[in-house]
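So the number in this note's numbering is just where the residue sits in the sequence shown, counting from 1, plus 962.
Please note that the accuracy of each hint is not assured.
[As the list claims (entries may be wrong)] EDC-like, lysine to aspartate or glutamate: derived pairs with alpha carbons at most 20 Å apart:
#1 LYS1252 with GLU1213
#2 LYS1246 with GLU1268
#3 LYS1025 with GLU1005
#4 LYS1363 with GLU1105
[Stated by the list, open to error] What follows is a list of derived Cβ distance ranges for each label pair:
#5 ASP1160 with THR1112: 16 to 26 Å
#6 GLU1223 with ALA1109: 28 to 38 Å
#7 ASN1250 with GLY1370: 14 to 24 Å
#8 TYR1362 with PRO1011: 34 to 44 Å
#9 GLY1274 with LYS1180: 38 to 48 Å
#10 TRP1087 with LYS1310: 37 to 47 Å
#11 LYS1158 with ARG1372: 41 to 51 Å
Honestly, the hints are just simulated from the structure, not real lab data. The model shown is predicted, which means the values in this text are computed figures rather than measured ones. Note that CB positions come from ideal geometry on N, CA and C, so glycine has one too.
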Amino acid sequence: MTEIKRKIHIIGINSLDFKELSLKLQTLFFETSSIAAPENYIEKIKLWPKNNTQNKKIFFASKSDHNLIDWLKSQKKDAIVFSRGDPLWFGIGRILIENFPRNELNFYPSNTCIQLAFSKLKIPWQNTSLLSIHGRDSYKLVETLKAKPTSLAIITDSKNRGLEIIKQNLLELKLTDFYEYWLCEDIGFENEKIRKLDLQNDFPQDISNLNIVVLLRKENHKNKKDIPLFGLNDSIFKTFEDRPNLLTKREIRIQILADLELPDNGTIWDIGAGCGSIGLEALKLRPNLKLICIDKRLGSKNLIIENARILGVSPTDIYEGDIKNFLNSYQNVHISNLSRIIIGGCDKKTKIQIINNFSKNLNSGGIIALPLIDIEAINDLSAALKENDFEVNLNLIQTYKSLSIAEGIRLDPNNPVFILKGKKLI
């Protein structure tokens, strides 16, 4: 078998200006006769300087499909494939590596469209989440949006309604007030355009097919008057940057608050409070309650204070420390008139210890609510409640949200959560 000695040079470009190529790549272009380029670039590339060329050019308009592979395999001499930005970043590079020996391929990356977009926006991008929905399912987009990254850059797909899907997912996840929506079109080219879109309005009609979306998280300046009385959206609460899933989701929070049967007065303990979402929403509903929050995570106190400010409520006390240390030496005025306890974020043994220690301080009719994901702990926790004269009730909450995809909608499941409720009989 004859060894193939030709080379395929894959060159990333961000402009159709020949002078923006390095001298090395200009020379390579002059010396190479077989040229492939995206079909929307090809006519401009044909107009590049023709002097000093050693061979007559053969041009191939590429759609980055099997026809390009077949054409390249038919070439006996070196060939150039022009690509956008970095060919190995959501580009043609992966497909070429799958179809040709690596020693035949030479890559010459340019700046990615994402790099250029952030340079135009004048914003650092080292912590940006990057993904593509170009010819791909939008499932990863939904998962990334749920994590609420500081910034997110998305390569779109006009054929799959990419811009509309991003907008709909933001609406469905209640994140339209959480992000600025920047549309970047033809980045690096003469007709480059960058504009911030208002998602309350329809998209412009003159959008280029070569576009990316940049989502930039903004400070939540929501007026307290705009916050509903009950069923607060998750996006209202600030949470830990690296642990966004510690927030109790809206659907689960609603059921817990209903199960607590909140009284007008009394003291409520939120143990393992995280960002304080359950206790703070309870306080918003019943302003005369005394709320005690405790969480062992460093920084939880400041986070709860900030969320209390957003909701316009004032917890009585916030403890930042391990509940086990507190249980070993607790003497506190807030133990008296104790009427409600939420227990989350600790192991089964600690939960049982909390039930045993605090149950005698609960008034008749007092309620303990435990959101659980560990099915194996239910029996032991139910037994501990019953031993302390609680009436026990268990609910499994499993909810789904509709999310837009290219073909229409799909139902996206939230994690199932058991809610164990104990109501003091005497």
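Now for the hints, and whether the structure bears them out:
Taking the CA atoms of LYS1252 and GLU1213, the gap is near 24 Å; set against the 20 Å cutoff, the hint is violated. Annotation: proposed proximity of LYS1246 to GLU1268 holds, straight-line Cα distance about 14 Å (limit 20 Å). The straight-line distance between the Cα atoms of LYS1025 and GLU1005 is roughly 14 Å, inside the 20 Å bound, and the hint therefore holds. Restraint check for LYS1363 and GLU1105: satisfied, since their Cα atoms lie roughly 13 Å apart, inside the 20 Å limit.
Remark: the range hint 16 to 26 Å for ASP1160 to THR1112 is upheld by a beta-carbon distance near 21 Å. Checked against the given bound of 28 to 38 Å, the beta carbons of GLU1223 and ALA1109, roughly 34 Å apart, stay inside it. In this structure the supplied range 14 to 24 Å is violated for ASN1250 paired with GLY1370, their Cβ-Cβ distance being about 47 Å. At roughly 59 Å, the beta carbons of TYR1362 and PRO1011 sit outside the given window of 34 to 44 Å.
As the Cβ distance of GLY1274 to LYS1180 is approximately 20 Å, the hint placing it in 38 to 48 Å is violated. At about 43 Å, the CB distance of TRP1087 to LYS1310 agrees with the hint of 37 to 47 Å. Against the hinted window of 41 to 51 Å, the Cβ-Cβ separation of LYS1158 and ARG1372 comes to about 29 Å, which falls outside the hint.
The structure shown violates the earlier hints numbered 1, 7, 8, 9 and 11.
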